[in-house]
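Each protein sequence line maps, in turn, to chains A, B and C. So the first sequence is numbered by the numbering used here: it starts at 1 and just counts up by one. So the second sequence is numbered by the numbering used here: it starts at 1001 and just counts up by one. So the third sequence is numbered by the numbering used here: it starts at 2001 and just counts up by one.
Bear in mind the hints are in silico, worked out from the structure with no lab data behind them. As the structure is a computational prediction, the values presented were derived from the model and not from experiment. Ideal placement from N, C-alpha and C gives every residue a C-beta, glycine not left out. Honestly, I wouldn't trust all of these hints.
[Unchecked claim] Calculated pairs, BS3-like style, for lysine-lysine (alpha carbon to alpha carbon, straight line, at most 30 Å):
{"#": "1", "chain 1": "B", "residue 1": "K1138", "chain 2": "B", "residue 2": "K1389"}
{"#": "2", "chain 1": "A", "residue 1": "K115", "chain 2": "A", "residue 2": "K60"}
{"#": "3", "chain 1": "A", "residue 1": "K60", "chain 2": "C", "residue 2": "K2226"}
{"#": "4", "chain 1": "B", "residue 1": "K1198", "chain 2": "B", "residue 2": "K1133"}
{"#": "5", "chain 1": "A", "residue 1": "K244", "chain 2": "A", "residue 2": "K73"}
{"#": "6", "chain 1": "C", "residue 1": "K2207", "chain 2": "A", "residue 2": "K115"}
{"#": "7", "chain 1": "C", "residue 1": "K2100", "chain 2": "A", "residue 2": "K211"}
{"#": "8", "chain 1": "B", "residue 1": "K1061", "chain 2": "B", "residue 2": "K1198"}
{"#": "9", "chain 1": "A", "residue 1": "K211", "chain 2": "C", "residue 2": "K2207"}
{"#": "10", "chain 1": "B", "residue 1": "K1198", "chain 2": "A", "residue 2": "K244"}
{"#": "11", "chain 1": "C", "residue 1": "K2226", "chain 2": "C", "residue 2": "K2207"}
{"#": "12", "chain 1": "B", "residue 1": "K1198", "chain 2": "A", "residue 2": "K238"}
{"#": "13", "chain 1": "B", "residue 1": "K1361", "chain 2": "B", "residue 2": "K1151"}
{"#": "14", "chain 1": "A", "residue 1": "K115", "chain 2": "A", "residue 2": "K211"}
{"#": "15", "chain 1": "B", "residue 1": "K1246", "chain 2": "B", "residue 2": "K1147"}
{"#": "16", "chain 1": "A", "residue 1": "K73", "chain 2": "C", "residue 2": "K2226"}
{"#": "17", "chain 1": "B", "residue 1": "K1246", "chain 2": "B", "residue 2": "K1146"}
{"#": "18", "chain 1": "B", "residue 1": "K1133", "chain 2": "B", "residue 2": "K1147"}
{"#": "19", "chain 1": "B", "residue 1": "K1246", "chain 2": "B", "residue 2": "K1361"}
{"#": "20", "chain 1": "B", "residue 1": "K1163", "chain 2": "B", "residue 2": "K1237"}
{"#": "21", "chain 1": "A", "residue 1": "K238", "chain 2": "A", "residue 2": "K43"}
[To be verified] Quick look at which bits of chain B chain C covers, simulated, 3 or more residues with Cβ under 8 Å:
{"#": "22", "region": "1041 to 1048"}
{"#": "23", "region": "1053 to 1065"}
{"#": "24", "region": "1167 to 1179"}
{"#": "25", "region": "1319 to 1330"}
[Said to hold, decoys possible] Partial chain A-side listing against chain C, Cβ under 7 Å, derived:
{"#": "26", "residue": "C64"}
{"#": "27", "residue": "T82"}
{"#": "28", "residue": "F83"}
{"#": "29", "residue": "P112"}
{"#": "30", "residue": "F148"}
{"#": "31", "residue": "D152"}
{"#": "32", "residue": "G153"}
{"#": "33", "residue": "G164"}
{"#": "34", "residue": "I196"}
{"#": "35", "residue": "L200"}
{"#": "36", "residue": "A203"}
{"#": "37", "residue": "V207"}
As a plain string of letters, each chain reads:
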Amino acid sequence: MSEKNTKILRRDFLKAASRLIPGGLLFIMAPGTQALLAAVEGKEYDPSEHNYAMGVDIHKCIGCGRCADACKKENDVPREPTFFRTWVERYAIPSEGEARVDSPNGGIDGFPEVKDDRDIMRSFFVPKLCNHCTNAPCVQVCPVGATFTSPDGVVLVDREYCVGCRYCIQACPYGARYLHPEEHVADKCTFCYHRIREGLLPACVEVCPTKARVFGEVGQRSSPMHRFLRLNDVTVLKSWLNTKPKVYYAGADGEVR
Amino acid sequence: MNSILFSFGVMAAEAHGITGYIYPNEFELHWGLLVVLYPYLTGLVAGAFILASLERVFNVKVIMPVYRLSLLTALAFMLVAPLPLLAHLGHPERSFEMFLTPHSQSAMAMFGFVYAWYLMVVLLLEVWFDYRKDIVIKSREKRGIKKYFYKILTLGSTSLSEKALQFDNKAGRLITIIGIPSAFLLHGYVGFIFGSVKANPWWSSVLMPIVFLFSAIVSGIALVLLIYIVTSLVRWKQLNMACVNKLAEFLLYAMLVDFSLELLDFIQRLYESEESIAILSEMVSNRLFISLIITQIILGSLVPMFSIIMARFGRLPDELRRILYFLAAILVQVGIFSTRWNVVVGGQLFSKSLRGLTVYKLEIFGLEGVFMTIFLLLLPFVILYILTKVLPPWSDSDKSMSAPQG
Amino acid sequence: MQIKKRTNIKFNVPQQLIPLGILFILVITALIVARYLLVPPTFGELGHYRSQAIEDNLAHPMSYAGYYSCNECHDDMMELKNQSNHRGVACEVCHGPAAKHIEDPSEYLPDAPRDRGFCPLCHGYDPARPSGFPQIIPALHNPGHACIFCHDPHNPLLPHAPEECSACHRDIANQKAVSHHATLDCTECHVVAAEHLTDPRSALAQKPVERALCGKCHADDADASKGIPRVEMASHGQRYLCWDCHYPHSPEAY
């Protein structure tokens, strides 16, 4: 079955289903729908056929912090300003001296007004999150196998198995991990694994008003991610550490780290 | 130890807050006082064992009076070493998973195995073979519960024949030979846990395991020296000055190597002057000034090295020597504890964004607090006291003069 | 005792090794049994982890319903919004997670932020925001009024065309305001079509292309006030355009 046909069938099915069952039910029984959809499409979800990645376009980011807010709401991340699965940093690079960076409450409540922007040469926002590294140091150092790369390329945490030694937090070069204050296990971005497996976008991508965040699959020509990688000069963060991140940045300044 | 903790407390209070930018998740410092304690304790174990092996394998007969004492010291500290790690886990009840499903690529996963190997195969066996003769004799002489206790300790192996004793000796020697690389492994491995974290420029260094190892030897020798001096005082026995002199000598050599290695690491970092150098320099000159420059380098290395040189090679009366050795050994302990602090806590005081410094807020009460640390520091001494009651390590038990046994 | 004697004779094993050997075997057996009993059933199926953990992650409930789900009931709003400058903005950006609302529309109502603090999260002035993105300084922009008093968030057309370029190009305006070019209108150098004010991307403002534009004031024979720095256009800068070196919004003071 071709890609297009599958999509049409999928849409028709959703339409039909929405008439038969009250709209909301569709989401309550999400796993069931997935199975049904799979039946309609004639194949089951094969994780090894997928390889997810995210693109962030610095030029489009307006630093509204909606991504960080949505992430906390979607994933029950503690609301305190010291736990983030994703956050937004603001860079201000003066004509002389060190770059100034801030991220008050991850950017959720907005950024303090810049009183005097005369000495600022360049300024921009950088959303940060787990890079879902292909060569993930956190996965390497986990002593018990409680953090791992799923067959579809997402780095996940096993909350039932994590001993809370925090070696992974030390090993992450990006500060993307924290210890969950109630669960006492390591926690971090999952690319909203529960959403993407249902064909939805991660919450942060969903709410990004300027489409600065792009999500999709590497190697699938019809994916927005493919287009992002084709049209932009992309970089990854701290490439010299050879972690091979799957979060790609377009327009990221050399000062970003 | 109180004094060190106090000085760190003051240091933590002096630091006012976060400077520059840190990643929001870095607000909480993840490896605190207990993780400082862990390499400190394993260092003492490895150091004490290596000291013991000097007598056994390299035939340094003059340190015979402390041979058994250092073995028991190693054992006592080994029993406590995993406790701070356990107490610091988010889920201590899941710690057994490290034995069930150790991740072969994880440096930490091997902890359980290295620990089990060292405790069960090296230390316990060595102590057992070394004490078997005494245990068997005690199981015959003692009465009541004690008799049965020692009987169980013999594990049913009660022969005191010439051949059996000879085998004890041979086995002990063999285990010590295995034990030396094992002790190197134990602490070198702890160094590797830190040295292999490429995300952290303060830790990531190929010298880390070696520096850990030599500082372990330094701390172990100093600890045995301390315990020997104190126990002799308490037991009203005369100190074997030849032995103490030799210990101080070894301590000095180990310190020289340790200090040179650390200096090399320092110079290399300064000379390479990588991206992280600015924030690391700022950290050393602000946050770590007291614990690194003052406590670790000046008080913990230079002063004791100088006083040992004076005491060992100067013409001083024995009383003064003893006092100098004693003070040097105490300063060395303070220094090595600072070393562990500077590695573990220092590695987390700067942001991985290399743009800011954070503060470590020392807990007083609680599972990871100062009191817990003091408790865990005293516990091995309690265990050691019990061990010396059960298995007396003294070679001078009946005489007031200390005379090494043949 | 008998077993021991026999082994002694047969293999000449030192007496000490027998209890140790037994202990060793016991420990190893205990470990193997413990491993067998305690390793989670799905561990190692796909890699060195519990594959059940993937299912555990999937089981997390969704809060955000996704772009299309609002369309089921609110297609009129959606249509309006899709004609406007907010066409790319999903409903849940402002209204918050809506999965519960879809589940039970009357019980759970999504947020509808109305206070003045909300819109500036995107539209407050910040030099880090891309130039051209509509930005206001909340303290100066109709203080005290709710945003929705003038703007319909579902169709955020401006109540009137902006009077100042700084409405969207604040960062440039700020720089220009303190520079030697402070008194120059933007239109002195840029040609701005009327549509640019209402639909900026359909008709971008034109940037200068010729050196002669700067020469109008800065050429040594220009008819302009005396204080203005002059250069000989023929020799100065050669093949470079003026703005290859000088930033017109904040030209050097010397």
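The hints, checked one at a time:
| no. | hint | in the structure |
| --- | --- | --- |
| 1 | B:K1138 x B:K1389 | holds, 12 Å |
| 2 | A:K115 x A:K60 | holds, 23 Å |
| 3 | A:K60 x C:K2226 | violated, 43 Å |
| 4 | B:K1198 x B:K1133 | violated, 50 Å |
| 5 | A:K244 x A:K73 | holds, 29 Å |
| 6 | C:K2207 x A:K115 | holds, 29 Å |
| 7 | C:K2100 x A:K211 | holds, 25 Å |
| 8 | B:K1061 x B:K1198 | violated, 44 Å |
| 9 | A:K211 x C:K2207 | holds, 27 Å |
| 10 | B:K1198 x A:K244 | holds, 14 Å |
| 11 | C:K2226 x C:K2207 | holds, 26 Å |
| 12 | B:K1198 x A:K238 | holds, 11 Å |
| 13 | B:K1361 x B:K1151 | violated, 50 Å |
| 14 | A:K115 x A:K211 | holds, 28 Å |
| 15 | B:K1246 x B:K1147 | violated, 38 Å |
| 16 | A:K73 x C:K2226 | violated, 62 Å |
| 17 | B:K1246 x B:K1146 | violated, 37 Å |
| 18 | B:K1133 x B:K1147 | holds, 14 Å |
| 19 | B:K1246 x B:K1361 | violated, 41 Å |
| 20 | B:K1163 x B:K1237 | violated, 34 Å |
| 21 | A:K238 x A:K43 | violated, 39 Å |
| 22 | 1041 to 1048 | violated (count 0) |
| 23 | 1053 to 1065 | violated (count 0) |
| 24 | 1167 to 1179 | holds (count 3) |
| 25 | 1319 to 1330 | violated (count 0) |
| 26 | C64 | holds, 4 Å |
| 27 | T82 | violated, 21 Å |
| 28 | F83 | violated, 16 Å |
| 29 | P112 | violated, 9 Å |
| 30 | F148 | holds, 4 Å |
| 31 | D152 | violated, 9 Å |
| 32 | G153 | violated, 12 Å |
| 33 | G164 | violated, 15 Å |
| 34 | I196 | violated, 10 Å |
| 35 | L200 | holds, 5 Å |
| 36 | A203 | holds, 5 Å |
| 37 | V207 | holds, 5 Å |
Of the numbered hints given earlier, the model fails hints 3, 4, 8, 13, 15, 16, 17, 19, 20, 21, 22, 23, 25, 27, 28, 29, 31, 32, 33, 34; all others are met.
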